[in-house]
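Engineer: Sequence:
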Amino acid sequence: EMVAAMGPRPLILALANPTPEILPEVAQSVRDDVVMATGRSDYPNQVNNVLCFPYIFRGALDVGATTITREMEKAAVYAIAELAEEEQNEVVAAAYGTYDISFGPEYLIPKPFDPRLIVRIAPAVAKAAMEGGVATRPLADLEAYEEQLQQFVYHSGAFMKPLFSAAKRIVREGGKSRIVFTEGEDERVLRAVQVIVDEGLARPILVGRPAVLLSRIEKFGLRLRLGEDVEVTNPEYDERFHQYWTTYWELMCRRGITKEMARVEMRRRLTLIGAMMVHLGDADGMVCGTVGAYHDHLRFVDEVIGRRPGHNVYAAMNILLLNERTVVLVDTHVNDEPSAEQIAEFTVMAAQEMARMNLAPKVALLSRSNFGSGSSASGAKMRRALELVRQAAPELEIDGEMHGDCALDEALRMRILPSSSLKGEANLLVCPNVDSGNIAYNLLKTAAGGNVAVGPFLLGANAPVHILTSSSTVRRIINMTAMTVLDANRVEASA
1 EMVAAMGPRP
11 LILALANPTP
21 EILPEVAQSV
31 RDDVVMATGR
41 SDYPNQVNNV
51 LCFPYIFRGA
61 LDVGATTITR
71 EMEKAAVYAI
81 AELAEEEQNE
91 VVAAAYGTYD
101 ISFGPEYLIP
111 KPFDPRLIVR
121 IAPAVAKAAM
131 EGGVATRPLA
141 DLEAYEEQLQ
151 QFVYHSGAFM
161 KPLFSAAKRI
171 VREGGKSRIV
181 FTEGEDERVL
191 RAVQVIVDEG
201 LARPILVGRP
211 AVLLSRIEKF
221 GLRLRLGEDV
231 EVTNPEYDER
241 FHQYWTTYWE
251 LMCRRGITKE
261 MARVEMRRRL
271 TLIGAMMVHL
281 GDADGMVCGT
291 VGAYHDHLRF
301 VDEVIGRRPG
311 HNVYAAMNIL
321 LLNERTVVLV
331 DTHVNDEPSA
341 EQIAEFTVMA
351 AQEMARMNLA
361 PKVALLSRSN
371 FGSGSSASGA
381 KMRRALELVR
391 QAAPELEIDG
401 EMHGDCALDE
411 ALRMRILPSS
421 SLKGEANLLV
431 CPNVDSGNIA
441 YNLLKTAAGG
451 NVAVGPFLLG
461 ANAPVHILTS
471 SSTVRRIINM
481 TAMTVLDANR
491 VEASA
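Counting from 1, one number per residue, gives the positions in the sequence shown under the UniProt record's numbering.
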């Protein structure tokens, strides 16, 4: 009776636990315009102290506030309200199984475990404390404080921070930053691009049908504006497509591709479209691979972009940010049974890529043989690769072949081979074939790494292109976009 007598669109806060004063389904059976919030996690709009208290205290403590004022409390409330109106975080969406929810009666309050809460509330509270004169240690740079808090949200934050800063500077200064995303209609890509636009990490180009893009942007509660925040390449119609397919035919006409095949392929192969955009200068780099098989994408990269001059092999490199160490693995996706020469080549490429990220490579060539202890073919191959690497890059700290535990445990390695030229823990692990590399990567990523990885990096391509995988998270797409921007400008600098 009370619910029926209320005015239009009544807001009911039934916060008793475990049984609310009135259950949402009961209230909604009386009228369909009611907006409900309870204290329970199994109903929409859970009111929970964890939404605010930890972050109010965090902001207050970080500026040495002598008290918590009403203005600090209001700042927390406004920050929560602003977050509720934004698109839902991908971590929350996955955890709660609600991928398409957006601000409205069913999502009036952010979920209690939204990882963005600390980044939004704590700085707002700290700022209010400083403005209210109760901060004994005022912050000189709120933006730097927010970046520091990001590291609590994303474990790759500390590693990526200098790389993000460099990418943002390139965008601000008008450098090469037009990155094409070939799976533009994919939810993870759209969520990633929203962050990329917000943070100024790149100038995105989405390959996708405009109507589908608009529908999904609305469905996911995003704020992307086609033609303003992002460029769009429509695979169903684009005035540049005649040039694209004829160029593709010219590249492939002696490899069995007819004009009709070239025309059809250019319409239906999204990675081919993106690769051609990079090839013809309509994009500065490409991120692909969130849908489909790795080698299907690599095929079009190879056909259109090809290998860098002087290189004979591609390889995939992944960085794992583990709790106690950073480990780089190669090759995780490309070469089934690489030769010693191929292993030597992509080992040097991986070491060079690490050096560009200010990681000093310490290389271990892995095998089931340990410094000649076995007669396996892989052991002999890795020993030969060691010889070739030492010839090509004598300055590189490297040894092998060795077991994985010897690579990561210096004490064990010194007991077995005191004369080893590798000191400390190896951080670049080179596997004898793609099976061992891929298995090691996925096991470490899941069992020890909390799924915190940066990559895959495509080594050996003649343009800034990276092929991701179907398991890529939104954060991984964002990270690799920043890396692609940096790659595009490294190419320019070295040209």
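Worth flagging that the hints you see were computed from the coordinates, not collected in a lab. Any given hint could be a false lead.
[Claimed, not checked] Lysine to any residue pairs mimicking SDA-like chemistry, simulated, CA-CA at most 20 Å apart: (1) LYS161 x ASP198; (2) LYS74 x LYS168; (3) LYS219 x GLU85; (4) LYS168 x GLU146; (5) LYS423 x HIS403; (6) LYS423 x VAL348; (7) LYS423 x ASP435; (8) LYS219 x GLU185; (9) LYS219 x LYS74; (10) LYS423 x ARG490; (11) LYS423 x VAL434; (12) LYS259 x GLU236; (13) LYS219 x GLY104.
[Stated by the list, open to error] Ranges of calculated distance between the beta carbons of each label pair, as one might list FRET restraints: (14) PRO112 x GLY133: 27 to 35 Å; (15) PRO112 x ARG209: 20 to 28 Å; (16) SER165 x ARG254: 26 to 34 Å.
Glycine residues also receive a C-beta, built at the ideal position from the N, C-alpha and C atoms.
Engineer: Compare the structure with each hint and give your call.
Structural biologist: The hints, checked one at a time:
1. For the proposed pair LYS161 and ASP198, the alpha carbon gap of about 16 Å is at most 20 Å, so the pair holds.
2. Taking the CA atoms of LYS74 and LYS168, the gap is near 32 Å; set against the 20 Å cutoff, the hint is violated.
3. About 14 Å separates the Cα atoms of LYS219 and GLU85, which keeps this hinted pair within 20 Å; it holds.
4. Between the alpha carbons of LYS168 and GLU146 the distance comes to roughly 16 Å, so the proposed pair stays at or under 20 Å and holds.
5. With a C-alpha separation of about 15 Å, the suggested pair LYS423 and HIS403 falls inside the 20 Å cut-off, and the hint holds.
6. A threshold of 20 Å between alpha carbons decides the hint, and for LYS423 with VAL348 the separation of about 18 Å falls inside it, so the pair holds.
7. Between LYS423 and ASP435 the alpha-carbon distance is near 27 Å, which puts this suggested pair outside the 20 Å criterion.
8. Restraint check for LYS219 and GLU185: the C-alpha separation of about 12 Å stays at or below 20 Å, so the hint holds.
9. Distance restraint check for LYS219 and LYS74: the Cα-Cα separation of roughly 30 Å exceeds the 20 Å cut-off, and the hinted pair is therefore not satisfied.
10. With a C-alpha separation of about 30 Å, the suggested pair LYS423 and ARG490 falls outside the 20 Å cut-off, and the hint is violated.
11. Taking the CA atoms of LYS423 and VAL434, the gap is near 26 Å; set against the 20 Å cutoff, the hint is violated.
12. The straight-line distance between the Cα atoms of LYS259 and GLU236 is roughly 18 Å, inside the 20 Å bound, and the hint therefore holds.
13. Among the hinted pairs, LYS219 with GLY104 is consistent with the structure: their alpha-carbon atoms are about 12 Å apart, no more than 20 Å.
14. The hint said 27 to 35 Å for the Cβ distance between PRO112 and GLY133, and at roughly 32 Å that hint holds.
15. Between PRO112 and ARG209, the C-beta spacing of about 36 Å breaks the proposed range 20 to 28 Å.
16. Distance hint check for SER165 and ARG254: the Cβ-Cβ separation is about 46 Å, which falls outside the suggested range of 26 to 34 Å.
Comparing the model with each numbered hint stated earlier shows that hints 2, 7, 9, 10, 11, 15, 16 do not hold.
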